[in-house]
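Novice: Given next are the chains, with one letter for each unit.
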Amino acid sequence: MKERLEGLRGEALERLKEVSDPNQLNELKVHYLGKKGQLTEILRGMGALSAEERPLIGQVANDVRAAIEAVIAEKQEAFDREETARRLRSETIDVTLPGKKPSEGLIHPLTKVTQEIEDIFIGMGYQVAEGPEVETDFYNFEALNLPKNHPARDMQDSFYLTDDILLRTHTSPVQIRAMRAANGQTPLKVICPGKVYRRDDDDATHSFMFHQIEGIVVGPNIRMSDLKGTLLQFVQAMYGPETQIRLRPSFFPFTEPSAEVDVTCAQCGGHGCRMCKHTGWIEILGCGMVHPKVLEYGGYDPKEVTGFAFGMGVERIALLKYDIDDIRHFYNNDIRFLGQFARM
Amino acid sequence: MNVSYKWLQDYIDLSGIEPAKLAEMMTRGGIEIDSVPSRNLGVTQVVAGLVKTKEKHPDADKLSVCTVDAGTGEDLQIVCGAPNVAAGLKVPVAIIGAELPGGFKIKRAKLRGVESQGMLCSAKELGINDKLLPKEQQEGLYILPADTEIGRDILEVLALDDSILELDLTPNRSDCLSMLGVAYETSALTGRPLTLPNPAMELVSSGEWAADRLKVSIGNPELCAHYSARYIRGVKIGPSPLWMQNRLIAAGVRPISNIVDITNYVMLEYGQPLHAFDAAKVAGGAIHVRPAREGEILVTLDGKERNLEPHMLLITDAEKPIALAGVMGGLNSEVTDDTVDIILESARFDGGSVRRTSRQLGLRSEASARFEKEVDPGRVLEALDRAAVLMAKYAGGEVLDGVVEAGAANVEPVVLKIGLERINKFLGTEISLSEVETIWSRLGFHTVKTADEEWQVTVPSRRNGFNHDVDLIEEVARLHGYDEIPTTLIEGPTTIGALTKSQTIRRELRKLLSSAGVYEAICYNVVSPARAALFPNLNGSLEGAKPIPLAMPMSEERSVLRTVLLPSLLEAAAYNQARKTNDVALFEIANVFHSAETTLTKLPSEKTRLALLLTGNRAASAWNRAAVKADFYDAKGILDLLFERFGLTDRISYKAAQPENFHPGRTAELTLELANGSRSIGYVGQLHPDLQREFDLGDTFVAELELAELYEAVDATIKYRTLPRYPSVARDLAVVVGTEVAGGALVAAIKEAAGELLESAEVFDVYTGERLGADKKSVALSTVYRHPERTLTDEEVTEAHNRVLTKLEQSFGAELRK
Numbered sequence: 001m002k003e004r005l006e007g008l009r010g011e012a013l014e015r016l017k018e019v020s021d022p023n024q025l026n027e028l029k030v031h032y033l034g035k036k037g038q039l040t041e042i043l044r045g046m047g048a049l050s051a052e053e054r055p056l057i058g059q060v061a062n063d064v065r066a067a068i069e070a071v072i073a074e075k076q077e078a079f080d081r082e083e084t085a086r087r088l089r090s091e092t093i094d095v096t097l098p099g100k101k102p103s104e105g106l107i108h109p110l111t112k113v114t115q116e117i118e119d120i121f122i123g124m125g126y127q128v129a130e131g132p133e134v135e136t137d138f139y140n141f142e143a144l145n146l147p148k149n150h151p152a153r154d155m156q157d158s159f160y161l162t163d164d165i166l167l168r169t170h171t172s173p174v175q176i177r178a179m180r181a182a183n184g185q186t187p188l189k190v191i192c193p194g195k196v197y198r199r200d201d202d203d204a205t206h207s208f209m210f211h212q213i214e215g216i217v218v219g220p221n222i223r224m225s226d227l228k229g230t231l232l233q234f235v236q237a238m239y240g241p242e243t244q245i246r247l248r249p250s251f252f253p254f255t256e257p258s259a260e261v262d263v264t265c266a267q268c269g270g271h272g273c274r275m276c277k278h279t280g281w282i283e284i285l286g287c288g289m290v291h292p293k294v295l296e297y298g299g300y301d302p303k304e305v306t307g308f309a310f311g312m313g314v315e316r317i318a319l320l321k322y323d324i325d326d327i328r329h330f331y332n333n334d335i336r337f338l339g340q341f342a343r344m
Numbered sequence: 001m002n003v004s005y006k007w008l009q010d011y012i013d014l015s016g017i018e019p020a021k022l023a024e025m026m027t028r029g030g031i032e033i034d035s036v037p038s039r040n041l042g043v044t045q046v047v048a049g050l051v052k053t054k055e056k057h058p059d060a061d062k063l064s065v066c067t068v069d070a071g072t073g074e075d076l077q078i079v080c081g082a083p084n085v086a087a088g089l090k091v092p093v094a095i096i097g098a099e100l101p102g103g104f105k106i107k108r109a110k111l112r113g114v115e116s117q118g119m120l121c122s123a124k125e126l127g128i129n130d131k132l133l134p135k136e137q138q139e140g141l142y143i144l145p146a147d148t149e150i151g152r153d154i155l156e157v158l159a160l161d162d163s164i165l166e167l168d169l170t171p172n173r174s175d176c177l178s179m180l181g182v183a184y185e186t187s188a189l190t191g192r193p194l195t196l197p198n199p200a201m202e203l204v205s206s207g208e209w210a211a212d213r214l215k216v217s218i219g220n221p222e223l224c225a226h227y228s229a230r231y232i233r234g235v236k237i238g239p240s241p242l243w244m245q246n247r248l249i250a251a252g253v254r255p256i257s258n259i260v261d262i263t264n265y266v267m268l269e270y271g272q273p274l275h276a277f278d279a280a281k282v283a284g285g286a287i288h289v290r291p292a293r294e295g296e297i298l299v300t301l302d303g304k305e306r307n308l309e310p311h312m313l314l315i316t317d318a319e320k321p322i323a324l325a326g327v328m329g330g331l332n333s334e335v336t337d338d339t340v341d342i343i344l345e346s347a348r349f350d351g352g353s354v355r356r357t358s359r360q361l362g363l364r365s366e367a368s369a370r371f372e373k374e375v376d377p378g379r380v381l382e383a384l385d386r387a388a389v390l391m392a393k394y395a396g397g398e399v400l401d402g403v404v405e406a407g408a409a410n411v412e413p414v415v416l417k418i419g420l421e422r423i424n425k426f427l428g429t430e431i432s433l434s435e436v437e438t439i440w441s442r443l444g445f446h447t448v449k450t451a452d453e454e455w456q457v458t459v460p461s462r463r464n465g466f467n468h469d470v471d472l473i474e475e476v477a478r479l480h481g482y483d484e485i486p487t488t489l490i491e492g493p494t495t496i497g498a499l500t501k502s503q504t505i506r507r508e509l510r511k512l513l514s515s516a517g518v519y520e521a522i523c524y525n526v527v528s529p530a531r532a533a534l535f536p537n538l539n540g541s542l543e544g545a546k547p548i549p550l551a552m553p554m555s556e557e558r559s560v561l562r563t564v565l566l567p568s569l570l571e572a573a574a575y576n577q578a579r580k581t582n583d584v585a586l587f588e589i590a591n592v593f594h595s596a597e598t599t600l601t602k603l604p605s606e607k608t609r610l611a612l613l614l615t616g617n618r619a620a621s622a623w624n625r626a627a628v629k630a631d632f633y634d635a636k637g638i639l640d641l642l643f644e645r646f647g648l649t650d651r652i653s654y655k656a657a658q659p660e661n662f663h664p665g666r667t668a669e670l671t672l673e674l675a676n677g678s679r680s681i682g683y684v685g686q687l688h689p690d691l692q693r694e695f696d697l698g699d700t701f702v703a704e705l706e707l708a709e710l711y712e713a714v715d716a717t718i719k720y721r722t723l724p725r726y727p728s729v730a731r732d733l734a735v736v737v738g739t740e741v742a743g744g745a746l747v748a749a750i751k752e753a754a755g756e757l758l759e760s761a762e763v764f765d766v767y768t769g770e771r772l773g774a775d776k777k778s779v780a781l782s783t784v785y786r787h788p789e790r791t792l793t794d795e796e797v798t799e800a801h802n803r804v805l806t807k808l809e810q811s812f813g814a815e816l817r818k
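Residue numbers (this note's numbering), protein chains in the order written: chain S, 1 to 344; chain V, 1 to 818.
Since the hints were made in silico from the structure, they are not lab data. The C-beta atom is built at its ideal place from N, Cα and C for all residues, glycine as well. Certain hints may be false.
[What the hints assert, rightly or not] Sample of chain S residues with no beta-carbon within 12 Å of chain V, all distances over it, derived: (1) Gly37; (2) Thr40; (3) Met46; (4) Gln59; (5) Glu74; (6) Lys195.
[Claimed, not checked] With the C-beta cut set under 8 Å, the calculated list includes, among others, these residues of chain V facing chain S: (7) Glu24; (8) Thr27; (9) Leu433; (10) His480; (11) Val526; (12) Ser528; (13) Gly616; (14) Arg618; (15) Ser621.
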């Protein structure tokens with residue numbers, strides 16, 4: 001019996017060597033180890049053995065089973081590996097083909113710039129105030145120290161609806177409204193973004209409708225040095241910590257003293273380039289100390305409080321920031337244009 | 001104002017301060033200078049020469065051969081093609097080696113076989129703006145005065161060795177519309193003293209009084225505060241001296257004759273416009289200033305007939321109007337070659353009146369520009385004297401004694417108080433007492449000390465716009481230097497910066513819409529009446545109201561305020577499709593304007609709206625998928641996303657509607673439930689195919705919503721709900737109903753009938769087909785039931801489900817589909 005078992009092992013191992021596919025392997029497994037397999041067949045004769053022989057033969061039979069099982073397991077594992085590899089090979093895709101991008105949209109570049117500026121000032125403790133685009137002559141001019149027939153009204157030819165009502169020519173009337181709403185309280189710190197309108201023929205650098213952001217601060221001891229400090233903080237947040245400002249005396253009816261503000265050209269860092277006409281500076285802001293008459297119209301006593309105000313054109317800032325050649329792009333809403341302002 | 005650097009040196013020593021440096025100082029001091037062009041555009045070795053002989057060129061009809069004395073020692077033979085060349089004339093001569101603007105070099109040359117040792121020059125060839133010269137000078141050589149020194153450098157002769165400071169003046173610095181004003185400013189900036197003309201000292205008595213020949217009166221002093229005149233006898237009309245012409249040309253003023261040039265010269269010098277009348281043409285020796293009468297007509301110097309209106313101010317003689325005050329003289333009193341006696345006017349007219357007249361007639365001149373900004377009352381007489389002196393000197397006239405005048409020369413000076421502490425507190429500076437006093441003196445402001453560190457400042461009449469102490473602080477600040485003001489941070493309590501609720505909502509809307517694949521557009525708020533009328537149902541609560549027109553539109557396209565946003569988005573979509581961008585998804589958040597008034601007496605209503613437009617594909621085709629066309633449900637889905645974000649899903653309802661210019665079967669009106677009732681807030685739908693065709697668009701889906709109501713309703717509270725602990729039971733059902741039954745109505749009925757156990761009910765399929773019949777559809781719905789505290793029994797669910805079926809059958813005649 002021992003010989004038969006040894007013979008079975010020899011035969012099985014020999015045949016298993018030849019196996020080349022999982023089905024054949026399974027057949028052999030059934031053939032040798034199955035319920036009706038060869039090993040069971042041999043072991044049926046165990047009953048005829050003596051009590052001494054039985055454990056010995058049982059030991060041999062177990063060894064034979066283990067040896068065959070080990071080889072089968074090894075073979076099975078190899079076939080499984082092969083099968084997995086084959087499946088993965090068949091699943092291969094071309095990873096260079098385009099991905100499925102969700103359809104994208106963007107906010108308008110003017111909104112983007114406005115929000116950036118708003119966020120800087122919100123961080124500095126300002127509220128954002130808004131007012132009507134259709135204004136009275138009073139809020140748009142009179143209360144800003146621009147009485148009727150004032151020559152400075154030439155600077156901004158306007159679209160009137162009636163003798164007394166017009167499309168606002170600047171966001172400054174919102175300053176008056178914000179002051180009046182504050183009802184004499186200080187400190188007042190607001191910025192006013194919005195659309196404004198001037199009688200200009202549209203060309204590459206002019207638009208009859210454009211956007212402004214103005215700011216006003218009123219308090220018991222607001223100084224011109226605070227204005228400089230505030231603007232410096234703003235431009236450094238907007239254009240980077242190296243940016244400097246330069247104030248030039250100018251004139252606005254609603255501020256006294258008044259200044260135009262140049263900032264270090266962001267393109268060349270102040271060395272001079274095409275963008276800044278080789279001066280190293282770019283004019284982006286107008287500002288000044290709020291005129292006493294304007295404070296009065298705003299409901300403040302100019303003997304008790306002082307204030308500063310500043311204003312800038314959003315289009316101008318966006319044109320410079322993105323190096324855009326024509327202001328009309330902002331209003332054509334060409335998706336090929338709108339799609340260019342994706343980066344954070 | 002164009003300021004000649006050389007001329008400025010008549011009044012102040014500028015040694016060591018080059019033109020560019022002066023321009024920089026002025027700009028930093030508040031007078032912006034755009035550029036400082038040199039008058040010499042590249043002329044070297046051009047001198048004044050005398051044409052001694054002129055012969056015809058042997059081989060060329062249009063050329064002449066000249067002998068020219070250019071002071072070089074020997075006569076030069078020069079071939080010249082100018083028609084006005086003649087023996088005896090003095091002209092600019094470019095000798096061999098000379099250079100002309102544009103890098104043009106003069107070499108020895110042969111012209112048609114005749115040698116030419118140089119070139120005779122026209123004004124244009126020297127880089128002079130010849131538009132300012134008489135016509136005969138433009139067409140040929142620049143003829144120099146007979147007394148020009150031969151051989152003298154043309155740069156000196158024509159004052160081309162000069163630079164022009166181009167001042168860009170703000171309205172508060174009209175004092176610098178004069179050479180003297182610029183000199184005062186330069187003196188304040190540099191601290192150097194001024195040398196000013198003193199014309200009164202130079203007048204010589206003629207022994208006859210002007211008042212014996214002339215009377216002056218003012219009819220309306222509110223428009224003419226002061227009128228002064230002098231009488232100059234026996235002038236000889238001719239050209240003005242070359243130096244004066246050079247200065248006029250440098251300033252951009254055309255030389256005409258000695259009398260006219262002198263009035264212009266003194267206007268540039270003093271900022272006071274003057275006018276010269278031919279005394280022989282002033283009837284009755286009387287000048288009267290008065291408003292025009294209805295129907296009066298005046299032919300102005302430019303030969304045009306002007307219909308006058310009663311608000312216009314006139315200068316008249318005993319019989320007729322002779323000038324439009326401050327704007328333009330009349331042809332009937334013009335100085336001509338035959339003029340012998342002159343009446344010279346110097347007056348102070350009201351700026352507003354001159355402004356109105358000059359605008360209305362489209363006659364804006366150097367003179368009107370100065371009057372508009374109010375002339376210096378202190379210079380009216382001085383300028384009159386200065387011009388009289390020059391007319392005596394350069395026109396051979398005799399100035400009769402005395403000024404004939406009406407009105408008042410003097411005005412009350414502006415006196416302001418200011419203290420050192422106020423200055424420093426206002427500016428955030430530590431400027432010293434002595435520096436401030438130096439600034440007052442440099443400015444030429446007269447001050448009296450009223451306390452240790454306080455002054456009473458008298459502002460000279462040449463400076464306008466001084467009403468408050470801050471006007472003086474500005475003077476100190478700009479002369480101290482804006483760069484010297486420190487940078488500080490605001491002192492005082494901390495303030496919280498934040499957006500308001502509506503601002504936050506708009507930001508959120510923009511964020512959501514752009515992430516949903518829609519681009520933000522910004523369109524013009526002024527449109528054509530046709531566009532504004534396109535969607536009458538979106539005309540706010542003021543249906544039928546007309547759009548608000550501009551009083552003076554620049555074009556029909558931009559003549560009324562927007563009443564509705566969508567037409568602008570349609571234009572933008574068409575614009576994109578015309579450029580082959582066929583898939584367009586745009587939104588805009590902007591204001592619309594409505595008023596019930598035909599003529600506005602108060603501000604119109606201004607409401608913020610959101611508009612949305614989708615056309616073409618929502619998803620483009622790619623290598624692995626087909627394109628998906630945008631449809632109604634894309635537009636609606638985007639809105640649903642917004643409502644969900646703002647906690648409004650349960651308060652919004654859609655109802656089929658047929659607003660004008662929308663597709664009648666594919667449009668819904670949106671209603672928002674508010675605390676005080678429901679309100680319609682807009683529409684979502686497809687454009688009417690006719691309108692799509694008009695804009696050359698395919699199927700286009702749009703929406704326009706009022707935002708004010710959304711702001712009011714937004715619920716931003718987030719409250720955690722316990723996660724369900726017990727399983728849900730799902731039951732699907734399919735019912736056949738009439739095609740007119742809305743899916744939304746079925747869902748609403750289910751919610752009503754199912755009771756508390758129902759968690760959700762949704763349509764998941766809609767099917768129509770022949771087997772159902774033409775007017776039937778099958779709607780498949782999924783319902784989910786759940787009890788929060790225990791597992792549901794099958795019986796409970798079945799009971800609820802049966803209620804649903806009964807309800808659907810009763811309400812809609814629904815038939816359960818097996």
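Novice: All the hints need checking, so say for each whether the structure fits it.
Specialist: Do the hints match the structure? See the list:
Even its closest Cβ contact with chain V, about 48 Å, leaves S:Gly37 beyond 12 Å, as expected for a residue assigned away from the interface. No Cβ of chain V comes within 12 Å of the Cβ of S:Thr40; the nearest lies about 49 Å off, and the non-interface call holds. Residue-level check passed: S:Met46 sits 56 Å from the nearest beta carbon of chain V, beyond 12 Å. Here S:Gln59 stays apart from chain V, with its beta-carbon at least about 56 Å from theirs, past the 12 Å limit.
No Cβ of chain V comes within 12 Å of the Cβ of S:Glu74; the nearest lies about 42 Å off, and the non-interface call holds. Not every beta carbon of chain V lies more than 12 Å from that of S:Lys195, the smallest distance being close to 6 Å; the non-interface claim is violated. The interface hint given for V:Glu24 is broken, as the beta carbon of that residue sits about 11 Å from the closest beta carbon of chain S, more than 8 Å. With a least beta-carbon distance of about 6 Å to chain S, the hint placing V:Thr27 at the interface is held under the 8 Å criterion.
With 8 Å as the threshold, the beta carbon of V:Leu433 stays out of range of chain S, its nearest partner Cβ sitting at about 19 Å, so the hint is violated. Contact between V:His480 and chain S, as hinted, is not supported at the beta carbon level, the nearest pair being about 11 Å apart and thus beyond 8 Å. With a least beta-carbon distance of about 7 Å to chain S, the hint placing V:Val526 at the interface is held under the 8 Å criterion. At a threshold of 8 Å, the smallest CB-CB gap from V:Ser528 to chain S is about 14 Å, leaving the interface hint violated.
Hint on V:Gly616 is violated. Least Cβ distance to chain S is approximately 11 Å, over the 8 Å limit. With a cut of 8 Å, the hint placing V:Arg618 at the interface with chain S holds, because the nearest CB-to-CB distance is about 7 Å. Among the interface hints, the one on V:Ser621 is violated; its C-beta lies about 12 Å from the nearest C-beta in chain S, farther than the 8 Å criterion.
When held up to the earlier numbered hints, the structure conflicts with 6, 7, 9, 10, 12, 13 and 15 and fits the remainder.
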